[in-house]
Structure formats: C-alpha cells, structure tokens
Amino acid sequence: MAKLALLGGGGFAKEVAEVAGLIGHTIDSYFADKPGNSPLRHRGYLEELKQAKGDYDGVALGIGGVSRKSQEIRHRLIGWLDDNAIRCLPIVSPRAVICKGAIVEDGAFIAHNVVVAVDARIGRFSLLNTNAIIGHDTILEQNVAVSPLAFIGGNAKIGRNSLIGASANILQGVTIGENVVIGISCTVLGPVAANKTILPQLKRA
Amino acid sequence: MAKLALLGGGGFAKEVAEVAGLIGHTIDSYFADKPGNSPLRHRGYLEELKQAKGDYDGVALGIGGVSRKSQEIRHRLIGWLDDNAIRCLPIVSPRAVICKGAIVEDGAFIAHNVVVAVDARIGRFSLLNTNAIIGHDTILEQNVAVSPLAFIGGNAKIGRNSLIGASANILQGVTIGENVVIGISCTVLGPVAANKTILPQLKRA
Amino acid sequence: MAKLALLGGGGFAKEVAEVAGLIGHTIDSYFADKPGNSPLRHRGYLEELKQAKGDYDGVALGIGGVSRKSQEIRHRLIGWLDDNAIRCLPIVSPRAVICKGAIVEDGAFIAHNVVVAVDARIGRFSLLNTNAIIGHDTILEQNVAVSPLAFIGGNAKIGRNSLIGASANILQGVTIGENVVIGISCTVLGPVAANKTILPQLKRA
Numbered sequence: 004m005a006k007l008a009l010l011g012g013g014g015f016a017k018e019v020a021e022v023a024g025l026i027g028h029t030i031d032s033y034f035a036d037k038p039g040n041s042p043l044r045h046r047g048y049l050e051e052l053k054q055a056k057g058d059y060d061g062v063a064l065g066i067g068g069v070s071r072k073s074q075e076i077r078h079r080l081i082g083w084l085d086d087n088a089i090r091c092l093p094i095v096s097p098r099a100v101i102c103k104g105a106i107v108e109d110g111a112f113i114a115h116n117v118v119v120a121v122d123a124r125i126g127r128f129s130l131l132n133t134n135a136i137i138g139h140d141t142i143l144e145q146n147v148a149v150s151p152l153a154f155i156g157g158n159a160k161i162g163r164n165s166l167i168g169a170s171a172n173i174l175q176g177v178t179i180g181e182n183v184v185i186g187i188s189c190t191v192l193g194p195v196a197a198n199k200t201i202l203p204q205l206k207r208a
Numbered sequence: 004m005a006k007l008a009l010l011g012g013g014g015f016a017k018e019v020a021e022v023a024g025l026i027g028h029t030i031d032s033y034f035a036d037k038p039g040n041s042p043l044r045h046r047g048y049l050e051e052l053k054q055a056k057g058d059y060d061g062v063a064l065g066i067g068g069v070s071r072k073s074q075e076i077r078h079r080l081i082g083w084l085d086d087n088a089i090r091c092l093p094i095v096s097p098r099a100v101i102c103k104g105a106i107v108e109d110g111a112f113i114a115h116n117v118v119v120a121v122d123a124r125i126g127r128f129s130l131l132n133t134n135a136i137i138g139h140d141t142i143l144e145q146n147v148a149v150s151p152l153a154f155i156g157g158n159a160k161i162g163r164n165s166l167i168g169a170s171a172n173i174l175q176g177v178t179i180g181e182n183v184v185i186g187i188s189c190t191v192l193g194p195v196a197a198n199k200t201i202l203p204q205l206k207r208a
Numbered sequence: 004m005a006k007l008a009l010l011g012g013g014g015f016a017k018e019v020a021e022v023a024g025l026i027g028h029t030i031d032s033y034f035a036d037k038p039g040n041s042p043l044r045h046r047g048y049l050e051e052l053k054q055a056k057g058d059y060d061g062v063a064l065g066i067g068g069v070s071r072k073s074q075e076i077r078h079r080l081i082g083w084l085d086d087n088a089i090r091c092l093p094i095v096s097p098r099a100v101i102c103k104g105a106i107v108e109d110g111a112f113i114a115h116n117v118v119v120a121v122d123a124r125i126g127r128f129s130l131l132n133t134n135a136i137i138g139h140d141t142i143l144e145q146n147v148a149v150s151p152l153a154f155i156g157g158n159a160k161i162g163r164n165s166l167i168g169a170s171a172n173i174l175q176g177v178t179i180g181e182n183v184v185i186g187i188s189c190t191v192l193g194p195v196a197a198n199k200t201i202l203p204q205l206k207r208a
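Protein chains in written order, with the numbering used here: chain U, 4 to 208; chain S, 4 to 208; chain E, 4 to 208.
Everything labelled a hint here was simulated from the structure, so no lab data went into it. Any given hint might turn out to be false.
In this list, chains with the same sequence are indistinguishable; a pair is considered to hold if it fits within one copy or across any two.
[Unchecked claim] Pairs of lysine-lysine residues, derived as DSS-like cross-links and limited to a Cα-Cα distance of at most 27 Å, are as follows:
hint: 1; residue 1: 6; residue 2: 199
hint: 2; residue 1: 53; residue 2: 199
hint: 3; residue 1: 6; residue 2: 37
hint: 4; residue 1: 199; residue 2: 37
hint: 5; residue 1: 160; residue 2: 56
hint: 6; residue 1: 72; residue 2: 160
hint: 7; residue 1: 53; residue 2: 103
hint: 8; residue 1: 103; residue 2: 37
hint: 9; residue 1: 56; residue 2: 6
hint: 10; residue 1: 37; residue 2: 56
hint: 11; residue 1: 199; residue 2: 103
hint: 12; residue 1: 37; residue 2: 160
hint: 13; residue 1: 72; residue 2: 6
hint: 14; residue 1: 72; residue 2: 53
hint: 15; residue 1: 53; residue 2: 160
From a predicted model like this one, the values you see are computed outputs, not experimental measurements.
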C-alpha cells in the first residue's frame, strides 16, 4: 500500500492514522503548524510538506470537521493540496460497509461502522465519522463532514463544506446547501439554504 | 440459495436486493406498478407476479416503510402475498448481529449493523433498517418498520404495522399499539395507544 | 478461557452471558437475590457466591445500569466484589471495535458494535451498551454506564457511577461529575456537576 504523510497532529489525526494503518498504509510522520503529543515524527507544516512531498505516495488529511471554523480550515487545506497536485487516497475503515454502487472519492475518510447505502456518492474529502449512515442515492459534495451517529436519509443532497453534527437526522430527499452547519442532535425535515446554521435545543437540568 | 422475485422498484428495493445478494440469493427481475430506473428486468406488477410465481423460490418485499401510507401499502401487499401463498424468506444482512435465542420470522428484512438482542422476536415482514437496535425479549409484531439508528429497549412490545422513525428511542418495557407512527428522533417513555402519531419537535434555524 | 459466575438473573445478565460465551468463557450458573427465568442454574446470592468463589475463575457482573437506583446497586456490588477479592475480567464483544491505545479495565462490559476510539480509557466495571461510541482520549471512571447509541465525544471525562442514557450526546471535551444521570436522548454541551440529573424533553402525541 502507500506511504502517507499525515496532515494534522490532534485526536482526529490519530483516528485517521489508525484506519490508514488497518488498511495497510504506512504513516510515520506528520505535518502541523505546531508539534503535538503524537508519537509520530513532526516534520513541520505546509512549506515543509511541499518540499517533502516526493517522500510520500500521498497525504491523509487529519484535521477534524467539528465546527464552522474547522470546516473552513479543511477547505483551505484542500485548496492547498489541489494547488500542489498532492494526491489524497480515500481512507475507508475495514469495519465500514460500503454498499453496491456507492462511490467514495479521493481524500474521503470513512470511520468504523459507517454504512454508505447503495448508489450513494461521497464527495472528495468528505468525512464520515463513526456509525454515521448515508442513505441510498444520497450525494455529499466536497468536504462534507458527517459526525458520529448522524443519519442522512436516501436521495438527499448535502452541499460542499457543510457539517452535519453528531446524532443529527436529515430526512430522506432533503437538500442542504453549501457551508451549512447542522448542530448536534438536530432533526432536519426540509431544505436548508446555503450558509445557514441550525442549532440544537438545550436540555436543562 | 433461493431465486427471488423483488417486489418494488425504488431505493429500498435496491437495498433489499443488495443484502439478498450478499447472503447468496439471486434476484434478476422486479415487479412494480411502473418501471423504475433499476438495472433489473421489470416484469409487471401483481397480476404478472401471480402468473410468474412458479419461476421463483419466493418474494423479497422491497417497499420501504417510511410513512403511514407506505406502511399501509406494505400491509396490503403482505395480505396479497399470504392470499397467494407466496413464500417470503427472512433476509438478514451478514453485517447484522442476531443474538442467541432471537427469532426472525418469514419476510423480515434486517439491514447492516442492526443488533437484535437475546430472545427478541422479529415478527413476519418486520423491517429493521441500518443500525437499529432491538432490546432483549422485545417483541415486534407483523410488519413493524424500525428506521435507521432507532433504539427499542428490552422487554418492549410494538404492535403490527407500526413505524418507528429514524433515531427514535423507545424506553425499555414500553408497549406501543398497532398502526402507530413514532416520528423521526422522538423519544417515547410510556405506552402509546393504537393508531396514534407522535411527531418530532422541529429545530429552527 | 475462564469459568465465570454470573451475578444477576435478568435480561442484561443474558446479554453479558451471550458475549462471554462468544469470547470463549463458560457460564453455567448465576447468583441473584431471587431465581429468575434463566436456563442457567441459580446458586443463591452473595453469601453463596462467597462460599463458591473457588469454583470459578471470576465473576461477570450482569446487573444493568439503567437508572440511578441500578447504578447504586452496581456500585455496592462492585464494593462487595472488591472486598472479597473476586476477580472480574473485562468482557468485550468480538463485534466491538477497540482502537489502538484504548484501555479497557477489569470488570468492564462492552457490547456489540461499540466503538472505543484511540487512547480512550474505559474504567473498571464501566458498561458500554450496544452501538455506543466513546471518542478519542476520553476517560470513563469506574462504573460508568453508557446506554445504547449514546455518543461521547473526544477528550471528555465522565465521573464514577454516572449514567449516560440511550442516544444521549455528550459534546467533545465535556466533563461530567460523579453520580450524574443524563436522560435518554439528552444533548449535553457543557460541564455537569456531580449528582445532577438531566431529564429528556417529552414529545407529545
């Protein structure tokens, strides 16, 4: 398999590295704006990665998508990777279920126990976290982050850079625009326009 | 394994066909009131299925249970299948976990990553969608549809033709009557009488 | 593997016994304050277990953690097991995913389809029920019960004897004190002090 450079040094990067290892890739160093507490070797950040890219078969994007801010960082890094023609393989857990006809594009990350139903399309650099479910024929554009236990019904469409929070539910057939944030545990029954934020209701003690 | 006729031509039918294929069944044609965009051969609808039933070892019911209306359609089709003495095997994903002592009756469909706990009973033609959980000793009567990520606690009982929405939670020990609809993401802590509808609270932007 | 005494005679005890069997342990008898309808042999309760402990390699704690009361019972039984120097192995489903660097302490029970992310720590006698997710670097202290489909984000910390209800969501980084009860389907976005109870909002018909 491939020798990959890990871009990111936090907890999500550890999860990406674990899955990459399970499917036979080798990761022995990472690039981040500052050193983390990773056992891997810190080799600097973007300038150093640009210099060193010949040492690797590709890059694994290890920045999580947990907020509007982190989605924007991911968006910028994807642009940088594309500008520098750096290849990013999809990284898919062997414990995920990718059904017949489903397409997983380059740079996508799919965590343990995710189910991608028949004929769904997971766009470039989209991130499906643990136990997320993507319904049949659903389309995720580039850099959509789907958090753990989130459910997206069949025939839905999620625009680029949008974030679906943990345990959120998107009804079948719903269209969500670009740069949307759906908060943790929210339920969405109809279309959501680009750039909107849907917040969860707080439960009181 | 068996050669099955698929009844239904939409997205859910594709999911049923995929699982049936994974466990070794053969499906090469479907029956629906109108042709869909399936790669399988459309052979007509109920009259044609009645004529052709000798060509198959049984039928896989590929109509999803996502609304009161679709549950009623499933109910009528089950009656038609019974009237015509057509056999419907249970179709259970190899990625589901069916625990010791659990019973899965004819016609039931169990999707990927479902867990059916010890000594639960899944009634005829009940439908457990992706990552649904059925607790120990719980009884689902005929044609209960349990949507993705729904949780039904132990020692519960769900009446025939009822629908449990995606990510809904039914507390342990609760009894739900026939023809009930529990909406997406609803939490149910006590008994629900027959024919009731429980609606989700909407989250606002 | 080991010969275990099962402590508890209800539905959860059946689930623990099933998983113990899947990983090669032998359970042929149980101890409970009164006989249940288990096919196993009822050998009495704590006095009898104390007498008979030499017959077993250890004890599997088969009392579920579904309420403040049952968590208190588990807490007292754990104290009794410790006082009597009875060993309790962790019991982990072969269908769970325990990621690299994660630690599962003695007496913990991990059900089917659970995911414990990298470098998480599951404290003594903690109980992770079906499809629960524990984020990276998260710490569960002793006797934390995490119900089915609950999600605990990365870098969280849950205090001893606390109960996280089914489908509840705990945001990443949140600290929850000891003896807390988070109700079914609740979403928690900030710290919760010791001994608090967070109740779900009811959905109306």
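Please flag the earlier hints that this structure goes against, numbers listed from lowest up. Numbers 1, 2, 4, 5, 7, 11, 13, 15 - these are the hints that the structure violates, sorted from lowest upward.
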